[in-house]
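J.: Build out the structure end to end from the sequences listed, making use of the hints.
2 protein chains.
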Amino acid sequence: MSNPTAAMLVIGDEILSGRTRDSNMFHLAGELTKLGIDLVEVRVVSDDPDAIAAAIRALSDGYDNVFTSGGIGPTHDDITADSVAAAFGVPIDVRDDARALLVAHYERTGSKLNNARLRMARIPDTATLIDNPVSVAPGFSIGNVHVMAGVPAVFETMVASVLPTLTGGVPLTSKTQRIDRGEGDIAGPLAKLATDFSDLSIGSYPFRQNGIYGANIVIRGTDSARVDAAMSRLMKEFDL
Amino acid sequence: MSNPTAAMLVIGDEILSGRTRDSNMFHLAGELTKLGIDLVEVRVVSDDPDAIAAAIRALSDGYDNVFTSGGIGPTHDDITADSVAAAFGVPIDVRDDARALLVAHYERTGSKLNNARLRMARIPDTATLIDNPVSVAPGFSIGNVHVMAGVPAVFETMVASVLPTLTGGVPLTSKTQRIDRGEGDIAGPLAKLATDFSDLSIGSYPFRQNGIYGANIVIRGTDSARVDAAMSRLMKEFDL
Numbered sequence: 569m570s571n572p573t574a575a576m577l578v579i580g581d582e583i584l585s586g587r588t589r590d591s592n593m594f595h596l597a598g599e600l601t602k603l604g605i606d607l608v609e610v611r612v613v614s615d616d617p618d619a620i621a622a623a624i625r626a627l628s629d630g631y632d633n634v635f636t637s638g639g640i641g642p643t644h645d646d647i648t649a650d651s652v653a654a655a656f657g658v659p660i661d662v663r664d665d666a667r668a669l670l671v672a673h674y675e676r677t678g679s680k681l682n683n684a685r686l687r688m689a690r691i692p693d694t695a696t697l698i699d700n701p702v703s704v705a706p707g708f709s710i711g712n713v714h715v716m717a718g719v720p721a722v723f724e725t726m727v728a729s730v731l732p733t734l735t736g737g738v739p740l741t742s743k744t745q746r747i748d749r750g751e752g753d754i755a756g757p758l759a760k761l762a763t764d765f766s767d768l769s770i771g772s773y774p775f776r777q778n779g780i781y782g783a784n785i786v787i788r789g790t791d792s793a794r795v796d797a798a799m800s801r802l803m804k805e806f807d808l
Numbered sequence: 569m570s571n572p573t574a575a576m577l578v579i580g581d582e583i584l585s586g587r588t589r590d591s592n593m594f595h596l597a598g599e600l601t602k603l604g605i606d607l608v609e610v611r612v613v614s615d616d617p618d619a620i621a622a623a624i625r626a627l628s629d630g631y632d633n634v635f636t637s638g639g640i641g642p643t644h645d646d647i648t649a650d651s652v653a654a655a656f657g658v659p660i661d662v663r664d665d666a667r668a669l670l671v672a673h674y675e676r677t678g679s680k681l682n683n684a685r686l687r688m689a690r691i692p693d694t695a696t697l698i699d700n701p702v703s704v705a706p707g708f709s710i711g712n713v714h715v716m717a718g719v720p721a722v723f724e725t726m727v728a729s730v731l732p733t734l735t736g737g738v739p740l741t742s743k744t745q746r747i748d749r750g751e752g753d754i755a756g757p758l759a760k761l762a763t764d765f766s767d768l769s770i771g772s773y774p775f776r777q778n779g780i781y782g783a784n785i786v787i788r789g790t791d792s793a794r795v796d797a798a799m800s801r802l803m804k805e806f807d808l
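Sequences listed follow chains A and B, in order. Straight run, no breaks: the first sequence in this note's numbering ends on number 808. Straight run, no breaks: the second sequence in this note's numbering ends on number 808.
Treat the hints as calculated values from the structure; they're not laboratory data. These numbers were taken from a predicted model, which means no experiment stands behind them. Glycine included, each C-beta is placed from N, C-alpha and C at the ideal position. Hints may contain errors.
[As the list claims (entries may be wrong)] Pairs of lysine-lysine, DSS-like flavour, derived with a Cα cap of 25 Å:
| # | chain 1 | residue 1 | chain 2 | residue 2 |
| --- | --- | --- | --- | --- |
| 1 | B | K804 | A | K680 |
| 2 | B | K743 | B | K760 |
| 3 | A | K680 | A | K743 |
| 4 | A | K743 | A | K804 |
| 5 | A | K760 | B | K680 |
| 6 | A | K680 | B | K760 |
| 7 | A | K804 | B | K680 |
| 8 | B | K743 | B | K680 |
| 9 | B | K804 | B | K743 |
| 10 | A | K760 | A | K743 |
| 11 | A | K602 | A | K743 |
| 12 | B | K743 | B | K602 |
[What the hints assert, rightly or not] A short list of chain A residues far from chain B (calculated; beta carbon distances all over 10 Å):
| # | residue |
| --- | --- |
| 13 | V610 |
| 14 | D645 |
| 15 | V658 |
| 16 | E675 |
| 17 | R690 |
| 18 | I698 |
| 19 | S729 |
| 20 | D748 |
| 21 | A755 |
| 22 | D767 |
| 23 | S772 |
| 24 | G782 |
| 25 | D796 |
| 26 | F806 |
[Said to hold, decoys possible] Partner residues aside, some chain A positions facing chain B, computed with beta carbon under 7 Å:
| # | residue |
| --- | --- |
| 27 | G598 |
| 28 | E609 |
| 29 | V613 |
| 30 | H644 |
| 31 | L686 |
| 32 | G752 |
| 33 | L758 |
| 34 | S800 |
| 35 | R801 |
| 36 | K804 |
T.: Structural data, given as structure tokens:
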């Protein structure tokens, strides 16, 4: 049986304009790998309702889980929740459970729960809330789509809230071996190894360091004995 | 007239597994913004020929320019060139012009041009080569798709080779103002500003620093006088 699959949708003009360097993809990728959920595709789209809804539909149909990042704050450019509701064809409005969280929070902090902040309580019908211990305003899950904030500290805490609720798979065993030779010299024996161990994923990631060409060879698979066997043969082939 | 559009396709299991943090997206986004080319969508897919070909077709149809990153080295997991050829339905083989570059390079360096390295001379029919001053093995352009290496130093030099050949647009003027107030307090006046300046893109990027909530407000547009006017009103609204 193969592992559950996942896709990610990053939403935000600031990523596409080069103003901000996304870090949420790297974080989510690492967390999913630990759980044995295969991240298969990532898309980044701009703050455009139609582009967001189309991507949500495509990814939700294609993968077991979808995670989104960005666009759920109080300002006019935060349009993710409404776009996700449109993608699922469900109504969206300020919801009592989300409003109650915000009311309690702003009473505690002495800020005013104005109309802008109330936007953060807009949650599609049938969605369940995702806990946000950092700044209270919740994310939400609807169908197989998990909608989370873009600010990295908030995104990461929401990921930590959601992941335990998902069905994981068999985590991959991964072994890495650095070889200080050009990839062109490694490639022949490596291709033969990949053919003989076609149940494993064998990747070559070249680098150049202090004028020396080399590559990190990464062998990954769910059966750790097979990973060990492939790694042993690699070491023997290259006299390591 | 609106600016030319672009999409990017990042290819590689190492990004999706969280092993490697992609930096090419951030680099390309910044370079395209300088040229007035709007990066509208980015996708990241795994080392899977069908996924690569499907993404190439979708992005090539949808945008004026497509840039790919990764999978054009000498090892068995470098399958981008063949997948792009499949997407365009054109033959691919070792091509004389690319082979000549490699022959000269390996004669100079004293390494052997073996079969693995010759894979890097596999170029689809009708493609034109992209210069690689860093490590010689070329990228290529076919139709509106520009195929480049994943190693950041090589990717960046190939981007520098390709961009001068493209039609640019009107570069955006961008002004940023930091406001040390919670986004919930900023949101109301900001939404009104965005409505009154609907020809501009006005974004709010929240942060928390030393316990203080604030946001960077970014106003962008092709007409710098309009950007200035919007920024003046923002400053007045918030007594800055």
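J.: So, for every hint listed, does it hold in this structure?
T.: The hints, checked one at a time:
no., hint, in the structure
1, B:K804 to A:K680, "holds, 22 Å"
2, B:K743 to B:K760, "holds, 18 Å"
3, A:K680 to A:K743, "violated, 53 Å"
4, A:K743 to A:K804, "holds, 15 Å"
5, A:K760 to B:K680, "holds, 19 Å"
6, A:K680 to B:K760, "holds, 19 Å"
7, A:K804 to B:K680, "holds, 22 Å"
8, B:K743 to B:K680, "violated, 53 Å"
9, B:K804 to B:K743, "holds, 15 Å"
10, A:K760 to A:K743, "holds, 18 Å"
11, A:K602 to A:K743, "holds, 14 Å"
12, B:K743 to B:K602, "holds, 14 Å"
13, V610, "violated, 4 Å"
14, D645, "violated, 5 Å"
15, V658, "holds, 24 Å"
16, E675, "holds, 14 Å"
17, R690, "holds, 13 Å"
18, I698, "holds, 18 Å"
19, S729, "holds, 19 Å"
20, D748, "holds, 14 Å"
21, A755, "violated, 3 Å"
22, D767, "holds, 15 Å"
23, S772, "violated, 4 Å"
24, G782, "holds, 12 Å"
25, D796, "holds, 19 Å"
26, F806, "holds, 14 Å"
27, G598, "holds, 3 Å"
28, E609, "holds, 6 Å"
29, V613, "holds, 6 Å"
30, H644, "holds, 4 Å"
31, L686, "violated, 9 Å"
32, G752, "holds, 4 Å"
33, L758, "holds, 6 Å"
34, S800, "violated, 19 Å"
35, R801, "violated, 15 Å"
36, K804, "violated, 19 Å"
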